[in-house]
Every structure is written in C-alpha cells, then in structure tokens.
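A.B. asks: Chain order of the listed sequences is A and B. Counted the way my numbering counts, the first sequence spans residues 1 to 427. Counted the way my numbering counts, the second sequence spans residues 1 to 576.
No lab work stands behind these hints: they were computed from the structure. Backbone N, C-alpha and C fix where the C-beta goes; we use that ideal spot for every residue, glycine too. A hint or two may mislead.
[To be verified] Estimated spans, in silico, between C-beta atoms of each pair:
{"hint": "1", "chain 1": "B", "residue 1": "Gly-173", "chain 2": "A", "residue 2": "Gly-165", "range": "41 to 47 Å"}
{"hint": "2", "chain 1": "B", "residue 1": "Thr-362", "chain 2": "A", "residue 2": "Gly-47", "range": "50 to 56 Å"}
{"hint": "3", "chain 1": "A", "residue 1": "Glu-46", "chain 2": "B", "residue 2": "Ala-450", "range": "49 to 55 Å"}
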Amino acid sequence: MRESTLAQRVVSLGFPFLRKADAHPVLPAAQRDSAASDVFDADLSEGFLETLRAHKVSRRRFLGYCATLTAVLALPPALAPAVAEALAATSRPRVVWLEFQDCTGCTESFLRSSDPDIGQLILDLISLDYQETLMAAAGTQAEAAKAAAMAEPGYLLVVEGSIPGDVGACTIGGRSATDILTAAASGAAAILAVGTCATFGGIPKARPNPTSAISVSDVVAGKPLVNISGCPPVPDNITATIVHFLSFGSLPAADELGRPLFAYGNRIHDACERRAHYDAGEFALAFGDEGHANGWCLYKLGCKGPDTFNSCPTTRWNSGTSWPVQAGHGCIGCSEPDFWDTMTPFYATLPDVHDFGVEATANDIGLAVVAGTAALFAAHGVGKAVQQHAADRAARKRPADRGEGPPGSGDTPADGSGDQTDGEAAQ
Amino acid sequence: MSQRIVVDPVTRIEGHLRVEAQVEGGQVTDAWSSGTMWRGIENVILGRDPREAWLFAQRICGVCTTVHAQASVRAVEDALDIKPPLAASLIRDLIALSQIIHDHTIHFYQMQAFDWVDVLAALRADPVKTAAIQASLSDYPVSGASYFQDVQGKLQSFVNGGNLGPFANGYWGHPAYKLPPEVDLLAVSHYLDALQFQRNFIRVQAYLGGKNPHPQTYLVGGIARPIDLNSDDALNDEGLAQLEDLFTSALNFVTQALLPDLVAISSYYPDWAKIGAGTGNYLDFGDFSSTGVPPRGGTLNNASLFFPAGIIRDRDLTRLEPLDPMRLTEEVARSWYTYSGGDDEAVQPYQGETHPNYTGPTPPYDHLDVGSRYSWLKSPRYGGAVMETGPLARMLISYAAGRPQVKNLINSTLGQLRLGTDALFSTLGRQLARGVETVVVAQQALVVLAQLRERIAAGDTQTFDDSKWDPGTWPSSARGFGLHAGPRGALSHWVEITDGKVSNYQVISPTTWNAGPRDASGQRGPYEAALVGTPVHDPTQPVEILRTLHSFDPCMACAAHILDAEGTELLRIKVQ
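Construct the complete structure from the given sequences, taking the supplied hints into account.
C.D. replies: Structure follows, in structure tokens:
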C-alpha cells in the first residue's frame, strides 16, 4: 500500500524543513561555519533510529553522512539537519528507471555509490519499482510492475540511454522507446536523465549517428528535468540529486545545460590535484616518462579537464579511491555534450585553451556554492592551494563567457608558463 | 494445446532481450531469441584514430566494462605489430581477472539468484537453522543466528512497508522453487553482502584504471598507469598492498560464500542437470598468458595460457580441437541485415559487412515474424557449426586439456552433488562452471599479482611502449584482430587501418555467439537450442525459461550489431 502520493510526501518533507529553519534562524545560511554542529541537532524519530539500528548504522554516522551530503550538494551547512530529517521521514517514493540505448554502465555506477552501508540505506529510501537490470519480475510481470508504479502520478523517473529516431532500433515489450518514455514522463513528478546518452545523446548520437539518436530532453517537455551527465556519471552525482529531491521536493539548481551545479559547477582543471604542475609549467610529455610517473600535468597528453565540468577530482570514483587523471590518463570530457566528436582526437592537445577562469555557468553559482565546495575539498584533503584557487575565482566573479577572456589572463601563472602553454596550444 | 509465449523484457540481464517460445504439453517445443536494440558503435568508430578506438568500443558495454577495451587495444596492436611491456600485460590481466570475479558475483547474487531463491519464503526461515547450514557449508565469517535474524527482520520490515520495489511481481510461491526457507534466507543475506562486496572489490579497477565503470587506463602499447615505487603518483608498494588486500577479500568471498552457496542451492535442483544442454559444441579463445603474449588461437601458445583455447564438439571431452580464428563467420539470413554477396553467405569478419535492413514489425507489436528475420544479432558460426561460449565452454576446454586446477575443482564440486561430468551439459552445469571459474580466477589473480611484484622487484616497471605511438611509424594499411576471454566468453575484435584511420571495425561478442538467431540452414542459436525441452509449469509465469536464459548471463548491448551509414565506403563495417 502506498501511503501518499509524492506530492503529498513533498509537503510532509517541507514541514520539518520549515520547522528547523524557524529553530535555526541563521540567514544567510552560508555564513554558518560548521556543518557538524548543526546536523547533530537533527530530530530523528524513534522509528527511523530503529531503521538505522537494523542497518547497523549509528545515528552519528548517519548525521555525519547528511552533513557530507549537504556539502556535496553545495548547500549551506545549516540545511544539514533538514536533509537528515527529510531522509528520516521519507516514505520511499516510487522510482521508475528506464533503459533505452544504453550499456547499463550508469546502473552499474549507481550500484557503486560511495558508502556501502549508507548506499544501501539510500536504496531503501526509494522504492525501485521498475529497473530491468535488478528487478525480479520479467516480461508480463515486469510490465505489470511498471504499470502499478505509474498508476498514480508523482513518481520519480530515471532514464538511462538515448532514444533512437529509428523506432525499430529499440523496442521493449514490443513498444518503441519514444512511446515508453512519453507514457512514463506524463505522470512523473520529475525526471533524472542519467548519463551522457540520456542527457545529450551520447555515443549513439556520435558521428554519424547511425540510429538518429536523441536525448531525453529532445523527447519530453514540460516536466522538471535534470541532466546528470558523464559516461557514466559519478555515482554520488546521482544519489545526491535524489537526496536533494527527497529533502526539498525539488531538483537542484542547474547550469544552462540542465546539470546540477553542485556537481558540474566546477571545471575539472580547476579542482585537479595536478593543477599546481600546470601552473608551474610541469607537463608529462609522453606516457611513461618521468613527469608522467611523478604526477605532472597531463594537458599535453590530451587531457580535456580544461573544457570539462564534473566532480571527479573532488568526489573521485569508487569510494573516493581514484579518478582517471590521478591514475595517469587524461580526462576525455565525458560529461560534456557531443564529447565523442568535440573532444576527439582524445590524445591531441586541446587546440585552443581559453582563459582558465570561471565560465558564466560557474559564475552563476555564487559564493555559497564555493563555500560548500571548499568544505568538500577540505573533506577530501585537497590542498589549501586549490581552496584558494576556488575562493579567489569566486571572489573575482569575472564575466567570462567561454572564449571572451583574453588568452593568458586570469589564472595563468605570473611566470608566464601558462602563456607559453596557451601559445603552444594555439599552434 | 500449443501456445506462443513472449518474455520481453527479459530482466536481470544487460540490455534488451526478447524471447518467443512455443509451449506444448508443459514444455518448450521451439524458441526464438531476439536482440531488440542496437546503436551502431562500430560504425561510430570508423574514420577515427585507432589509438582511441578502445574508448568507443568500451562503451559497447558498461557491465563487462573492460573486455571491449582489452580486445580493441589487442586488435590495433596486432595490426601495427606493437608488443606492450610485460608489466602492462600483467596489469591488464589483473583488471580482466577482477572483471570476471566481479561480473560472476553480481550475476550469481543479483541477476540469477531469484530464479532459484524465493525471497518471500525466507521470512518463514528459522535463523538458527540457517546459521547451522552456513556453518556446515563454509567458514564465512558473518554467520551467526543473530546475523540471519537481523536480515530476516530487515526483510520483514521491507515487506511490511507494503512496497516490494525491485522484488515486486516476482514469481514467489511458484512450485518451481524448491529450497527450504532457511537456504532462501542464506541466499538473501548474501545477496545483500554481495552488494557491498562488489562495491568495495571493484576499487581494484580504480587503483589501476582510475574508475569503474569504464576504467580509463588502456593505451595502444600498454597502459597509462605508471609504476614507480618512489612516487605517490604511480603504482607503488602501497597500491600493490591494497590490490593484494582486495584480491584476497575476493578469494575469501567466492570460496566461502559464492561457490558453497551455489552448491547448496544446486543440491535442491538436480533435475536441472538434465535440462538446457543446447548445442553441445563449445568454443573459447583462451587467455591470460604468463609471458604477455595474447591468445591467437591454435594450440601453439596454449602452454603459456592460463585458460587454453580450443573447440569441443558433441560433448566429447576426450577430444580438444585446435581453434583457427580464420574459420569464424557470421550469417545474417534471419537478422535485420543484408549482405552484398547474398544473405545466405557466411562471412569471415575481415570481409564482414553490415547493411541494416529492419524488416520487423512497426511498434507496438505483439509478435515478431519469427518465420523470417527477427533479431539485431547476427549468427556467428565456426566452420558452419553452432558454438556455445562462456564459462562452461572455458571450463570444459580446460578440463579436456587436463588442467589440474580446473579439473580438480570441477570433480570435487560435482562430487559434492553426486553428479557426473554429463551434468555439466545443462542449465545447472552452466551455473556450476561459472562458480568454479570464479574461484580459479580469484586464485589466479593473486598469482598474477605476485608475478607483477616479481617483475617490479627485478626493475621491470615499464608499462608503455611508445615506439609506434606516432602514426607516422605505421604502414599505410594494416589489419589485425584481438581475442579475449571475457566473463561471458570468447570475444574478438577485428580492425583494418588505412592511412592512420580505422577503415573497418568488427566485433563478435560472446552473447552474439550464444543469443544469435537461426542461420541460413535453419540451425538454432545456443539460447534457442537450450530452451527446447525446458519445462514450463505455468505459461503465464515462465520462471523456468529465465533459469536457462540466465545460465548464459546475457549481455545484449554487447551482442547487437551496428548499423552502417548508407552509400558510403564505410558500409563494410559491421557492428556488434
């Protein structure tokens, strides 16, 4: 039995949030300096504490997790108790997860969400009513499960994979991808397009786009939709977006490409642990050379970090273990639209690296976001230099649409090595 | 009364698979397997730099997320005569072995378990008895009655919540389920443990390749992960120690949980050792050479391969036939493609071509025209013969080759179940072979890691050979192929390079071998053949069909061929 529609649940989620805001009249919230002291004020029901105990998760650990999530979401720390209380009060909203022209890599990424115990809890916080890779039912019974989940509007719709214009290129249960998506979108409270295929068309859309593949946003309109890009996305980008929706009943603030700013508001290059080497003019010039073995900048081996927005350097992959640049291979720009065509050849140096300052999209985030991000950097042990980079950049808030900034200006180092690089890149 | 049943979507697999089956007298009398999605990735690779083909090919599949990258770099290295350093080959093998362990574990617990395990019945279990069963099976460390009671309580509260989520509409209570509730509870507990295990264990690929899914470390000529014991930014002693911990945890999990669970569950389903045999012909390319030399078919380098290559026909384990990659062909008579030389041709992949020709019904539709063309998969054949590939094929070939590690574990596993080797040719045998393979692969991973450490200690730390990185060093035209033993079986990539660009690219995936449709002479593909004779108690609840299909571990995104751009030179490319 379903206790309430999602809309009703959203209202119920709103109340603890408002009560908490009354109890903590701290605005602007970004001025609060400690997430931890706030979050431990959260008022959790005995029933939820029982659930936590059943999962062998301590109250302290859960609240600490909520504090981290709040930072990941680039929200003011004062909202951490609201996040905790909203998660504790959730009534497992229905989630329908559709797969079309996909490789299941996004589903697999979702399964690697960073904290195993808590990740499990997140799985329990939603009711994953249709997910072909995981669900027990098949065929007629699977279709019936989907119909039941969609019987009332208000579910969360997750879409993985692109949608072919050639209808014969993807049918499920004898129906076309377009037909299935359109039907599912109509009753959805919100839509998460997950992965670069669903968000931007991805590899099926890459030249020559053999099946006339398009993105979710090309098919559906008039619904709250967020694009969680990446090939696949960082799992925490998916779960944090879901948590945001559970906590506030809305999708997180997004850039002009529809990507959540908390995850895609920062350029890979700006948060990269190898950035200091770029600034010092220290580049790996060949795979396996001394610079490569010593963690120097991979820009000249084709790294696309300067043109890519994602959370990889801060969140990292697989429980914070590593990310591609850390492991020695350049970024391929997989969270950007049409990267299979615009970022290739992958091993060629970016032909024209513009001003490394903040782009318009990032400027929109504002100081509060940077504060949250800086806290996250600290949590991940990223050096003070990087924090300073982020803070300086936000403080300047230069109006820099991509390409408008003069080459070599802004963040390029005073010693001229950055100018030199830009010059080489332009050749 | 004969009736046609349709299972679409087949769930708990990768991708989009549809099966239509004719059922009469409580049995499947005929079956048709259809891949219903394709993207055209091989076509997308055309005209690109062959050094980055692996990144495109990798996106064929995000489940077996390493295998196409591995086969792709091998194919390009073969074409350009590049030999990656031994340390790089060993690290690639470690990634590949971790992939097999990871895939097989998820397949066992998350994909196929619910065909045999009744989740709701676990609520009726006595946790004390489950603990006793666990103690009799293995020394898996988390095994007390209170642990199983906790899991049962969690399951109960989940069910009491009224919303079964991914467990909704399962076939619970179906008479085909035979386990005592205590074993159901054991399996449900380990379903949850396996979710945690896989998340932690896959960090192997993050250490070595930056991330998973889609690790990003392959290079034509080696890998991008440097080795330097004096650098924090390279694979060093600390990283090697982490790898050893993770691989040790994997060996513990698969020997203490996965294989004992598989044996325990199988002991209640002896009938399934007589169901689902299928073609009886088996093929694998072999892999994992101690010398870093990739598999090439034949038997010449079998001695250096951990898994030998070969062909077994008609279930005859006394004869292992050498494998010749040039005898691989693909047919399209019943697929949504045409061949310029005629649709009844059997084409070797170097000469392969893919002209899409969707003649299926316009959706929405109720049935495919199974009398004509009905799948986006082609029909791979070996010298005209239907072949099954996968862990069963690999274990049978190792068994026939007399490999003691495999032979002993198969014999002891069958012995526990009081079954003979004939039982391997079945749905149950496919599952048992996968479990055995998981254990021997987990053992071998630690051997490869030790070998890597020896090489590093000897100063052999080079992971990339840049002598032919520059396209100026390449011939104006070249072609090559790469073979690989992936979790689901024999994978081959075939590449042609002209003037520095990919001019032809073809993939034959394991699931194409297994899930492909009939060929020009009407021979059923392995799925179709295996389904014939499968019992169906209730045609509206075809859990038995899922059992046999899942025993193959379908991976449909890998299997579906790509589409070519019309009217271009590139039409020769075929896609998988």
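A.B. asks: Compare the structure with each hint and give your call.
C.D. replies: Verification of the supplied hints:
1. Look at B/Gly-173 against A/Gly-165: about 43 Å separates their beta carbons, and that is inside 41 to 47 Å.
2. A hinted range of 50 to 56 Å holds for the C-beta pair B/Thr-362 and A/Gly-47, which are about 51 Å apart.
3. The hinted range of 49 to 55 Å is satisfied by A/Glu-46 and B/Ala-450, whose Cβ atoms lie roughly 52 Å apart.
Every hint from the earlier list agrees with this structure, and none is contradicted.
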